[in-house]
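Number of protein chains: 2
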Amino acid sequence: MNNGQRYEPLTVPRRVILGPGPSSANPRVLRAMSLPIIGYLDPAFFELLDELSGMLGEVFKTNQRAFAVAGAGSAGMEAGLVSLAQPGDTVIICSYGYFCERQIIMSERLGFNVVPLRTEWGRSMDPHVLADALKEHPETQLVVGIHAETSAGTLHPIAEFARLAHEAGAMFMTDVVTSLAGCELEFDEWDLDFAYSGSQKCLAAPPGISPVALSERGLDYIRNRPKPPTSWYLDLQLIADYWGPDHIAHHTAPVSMIYGLREAVGMALNEGLSARWERHAANASALRAGLRALNLELPVPEDERLDQLTLVRLPKGVDDVKLRNQLLDEYSIEVGRGLGEFAGKIIRVGLMGESCVPANVFALLNALEKILPEHGFEVANGVAAAAASAQLVKQPSPLFTG
Amino acid sequence: MNNGQRYEPLTVPRRVILGPGPSSANPRVLRAMSLPIIGYLDPAFFELLDELSGMLGEVFKTNQRAFAVAGAGSAGMEAGLVSLAQPGDTVIICSYGYFCERQIIMSERLGFNVVPLRTEWGRSMDPHVLADALKEHPETQLVVGIHAETSAGTLHPIAEFARLAHEAGAMFMTDVVTSLAGCELEFDEWDLDFAYSGSQKCLAAPPGISPVALSERGLDYIRNRPKPPTSWYLDLQLIADYWGPDHIAHHTAPVSMIYGLREAVGMALNEGLSARWERHAANASALRAGLRALNLELPVPEDERLDQLTLVRLPKGVDDVKLRNQLLDEYSIEVGRGLGEFAGKIIRVGLMGESCVPANVFALLNALEKILPEHGFEVANGVAAAAASAQLVKQPSPLFTG
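Going down the list, the protein sequences come from chains L and U.
Just so you know, our numbering puts 368 at position 368 of the first sequence, and the rest follows in order with no gaps.
One gets our numbering by counting positions in the second sequence from 1 and adding 1000 to each.
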């Protein structure tokens, strides 16, 4: 029976998503998303929040506060900025990529005295740059530095950034959108004050919720600041109090997203964080071997780059948009474009969470091997997969049981 | 095989959710939530956004902008406030309930010159109060008035509010969280500038995304204001531009929530908006007949109350928390508590979206009939369902096909 309905059930194309995020979600996570709705003030839902809060603490490696902001990773970003500094405060922002620039834009809108420390995109920032800036700005309230820059494919020494910030009496906030559950992160040991992430990268949940960790120092600051944050929705104290033992009502919680996040975090903990980091490292290593075999250039130096996200320089004459469109149209493979300084010069290949499997490495390499000659870039035939395979031999079998 | 996993798949209790929201979601909507993830910059996803934008336009009854803010209804609230006024601007807020007070709190945080017009909770506000205030404050930039106040169960003459605001040269923004798809709403005909809603009430999608409509006048204002909104995440121009024809990247979109919202809106349009409003009216009428048969008092006058949400005064001696806990523990039925001035004095019964079915009316009435005598409130036995049935006879069968 159609009953004359105008809107038939939604269909979506089958994609291999190897962009900078979202990554694929495990069927078990997707099944959890379809569980019936319960109330956000239901005692059973509070139990779920309590469990998930503890699980997130394990992922962030913190015994302090771990919860989730009801929005994209950028909501986590803005929640940190609006909560941890006040208009007129000096905020130092380490900037080596597009998302650092977003932090600067947000901070300027919030009326902070923004001190941007701009260093080369595609390289790790030298902590001395921060040390010097802190000497020049002893009044600094907050230092912001991204752990894994998603636009530049770089990893940064945030433990050292945090140490320098605290030495100067400032707090330290970081972005772990791409790093959480994909490489080492130690919230407590590194003495971070606030870290925000996304659900849709190495955690492999759908996008739309931002797992965060907050230090007691950071929470005390918010509780005691003379004026509350200009944002009510993104006030970390109000969010922490809803997730805290008293479960004080704030806004309606995104029930299904929390189901999905719980399931994804559970699967990450079942796999084991170290095993998960190793899986990301092993597949990235295979991908890089294959890309090099194709004579493609990886612009980020070896000890400064991410495993979750690989930047590939576009060979001369290869058009960014055409290449990505062809990958999508002919192979249903999504890769990411270059942003900011890298626009038109690189593509970004994400191997995160559920997308981080050998089959996807092979699929992309084979597709590139086929496509690149059509763009005038000659590659030796059949070499990419072989090079990748050589790296994949020692990878432990990932655990994806339901 | 268990493979030694610590985290087994999530389970949630089966509830009859008759609170102020979230309401239940249709299985077809829940199935859509579990579709595989695709990228938020994928052309196929842009097609989905275009389709959904048009569908939301039908629900809001607007040919202007209709899209969704990636957060709870409160995110839609804050997006409107932060986008449509600037620090120091005079903002008149009609206040007759808890969510109006939330608008005041947000506006004070944003540094507006807030003029609260407080009138009696549980009654519709007389537009003369607004007319007088506008005479006193000719500098007013924005007037805010809620259509359906979720804490007070009241409906308000927002078309008249909007007319008065425009006459005085101000914009008008409203909250249709509980009204959208549950009773008449005419965005263009009533000349509204901004309306935000929630996904989790009469639209019957999971909570976590806020459908909104924005006038071209409102969008022009944001494009031309001298300083951008203090919030980047909730800047309605940036969100509108992502949903608009150029699909300019903003933050990562909540892919699964958008799947679910599309499916829920499709089902609402398949049912027909008028039929849906009538269904809400018919079931509410049955519920009220049953509650009256139990000698319970409905504090909101007949022509000022909502069908989506019914306030019930707690009889003398009946404890709010005990009653609600008993309903949840013994019958797995959730109803809402009183907020603000109504705390401890009332319960709120929502019959919205998928929760708005005769079976739920009977379930709640029978449960109350059984429980209330245990709280010392004597009711005639067997009368409630009969009274409700008498009202339900003429209700058309709701269309819930997959």
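What the hints contain is simulated information worked out from the structure, not anything from laboratory work.
Where hints are given, some of them may not hold.
Unchecked claim - In silico SDA-like cross-links for lysine to any residue, where the CA-CA straight-line distance does not exceed 20 angstroms:
no. : chain 1 : residue 1 : chain 2 : residue 2
1   : U       : 1227      : L       : 345
2   : U       : 1227      : U       : 1086
3   : U       : 1322      : L       : 246
4   : L       : 227       : U       : 1041
5   : U       : 1227      : L       : 89
6   : U       : 1061      : U       : 1227
7   : U       : 1227      : L       : 249
8   : U       : 1322      : L       : 108
9   : L       : 227       : U       : 1322
10  : L       : 345       : L       : 389
11  : L       : 227       : U       : 1111
12  : U       : 1345      : L       : 249
13  : U       : 1227      : L       : 247
14  : L       : 61        : U       : 1007
15  : L       : 322       : L       : 269
16  : L       : 227       : U       : 1007
17  : L       : 227       : U       : 1108
18  : U       : 1227      : L       : 377
19  : L       : 61        : L       : 318
20  : L       : 345       : U       : 1007
21  : L       : 322       : U       : 1246
22  : U       : 1227      : L       : 104
Unchecked claim - So these bits of chain L aren't anywhere near chain U, every CB distance computed over 10 angstroms:
no. : residue
23  : 6
24  : 10
25  : 43
26  : 120
27  : 252
28  : 269
29  : 359
30  : 371
What the hints assert, rightly or not - Some chain U residues close to chain L (C-beta under 7 angstroms, calculated; not the full set):
no. : residue
31  : 1015
32  : 1039
33  : 1106
34  : 1110
35  : 1228
36  : 1263
Because the structure is a prediction, the values reported are computed rather than measured.
Idealized CB from N, CA, C, for every residue including glycine.
Do the hints match the structure? See the list:
1. U:1227 / L:345: violated, 33 angstroms
2. U:1227 / U:1086: holds, 8 angstroms
3. U:1322 / L:246: Measuring from Cα to Cα gives roughly 18 angstroms; hence the hint holds.
4. L:227 / U:1041: violated, 38 angstroms
5. U:1227 / L:89: Given that 20 angstroms is the threshold and the Cα spacing comes to 19 angstroms, the pair holds.
6. U:1061 / U:1227: violated, 31 angstroms
7. U:1227 / L:249: Cα-Cα ~33 angstroms, so violated.
8. U:1322 / L:108: Given pair residue 1322 of chain U, residue 108 of chain L is violated - Cα atoms ~49 angstroms apart, limit 20 angstroms.
9. L:227 / U:1322: violated, 37 angstroms
10. L:345 / L:389: violated, 28 angstroms
11. L:227 / U:1111: Roughly 11 angstroms separates the two Cα atoms, so the pair holds.
12. U:1345 / L:249: This hinted pair holds, its Cα atoms lying about 18 angstroms apart.
13. U:1227 / L:247: Answer violated: residue 1227 of chain U to residue 247 of chain L is near 37 angstroms, above 20 angstroms.
14. L:61 / U:1007: Distance of about 18 angstroms is within 20 angstroms: holds.
15. L:322 / L:269: With a Cα-Cα distance of about 39 angstroms, the restraint between residue 322 of chain L and residue 269 of chain L is violated, given a limit of 20 angstroms.
16. L:227 / U:1007: Distance of about 41 angstroms is beyond 20 angstroms: violated.
17. L:227 / U:1108: OK: residue 227 of chain L and residue 1108 of chain U at ~11 angstroms, within 20 angstroms.
18. U:1227 / L:377: violated, 47 angstroms
19. L:61 / L:318: violated, 43 angstroms
20. L:345 / U:1007: violated, 43 angstroms
21. L:322 / U:1246: holds, 18 angstroms
22. U:1227 / L:104: Distance of about 15 angstroms is within 20 angstroms: holds.
23. 6: The claim breaks: residue 6 of chain L does not keep its Cβ more than 10 angstroms from every Cβ of chain U (closest is about 6 angstroms).
24. 10: Nearest chain U Cβ is 5 angstroms from residue 10 of chain L, so the label is violated.
25. 43: violated, 7 angstroms
26. 120: holds, 24 angstroms
27. 252: Residue 252 of chain L is in fact no farther than 10 angstroms from some Cβ atom of chain U, at 5 angstroms.
28. 269: Residue 269 of chain L is in fact no farther than 10 angstroms from some Cβ atom of chain U, at 6 angstroms.
29. 359: The assertion about residue 359 of chain L holds, with a minimum of 15 angstroms to chain U.
30. 371: holds, 18 angstroms
31. 1015: holds, 5 angstroms
32. 1039: At 5 angstroms from the nearest chain L Cβ, residue 1039 of chain U passes the 7 angstroms test, so the hint holds.
33. 1106: OK, holds: residue 1106 of chain U within 7 angstroms of chain L, min 5 angstroms.
34. 1110: holds, 6 angstroms
35. 1228: Holds - the Cβ of residue 1228 of chain U comes within 7 angstroms of chain L, reaching about 6 angstroms at its closest.
36. 1263: holds, 6 angstroms
Hint compliance for this structure: hints 1, 4, 6, 7, 8, 9, 10, 13, 15, 16, 18, 19, 20, 23, 24, 25, 27, 28 are broken, all remaining hints hold.
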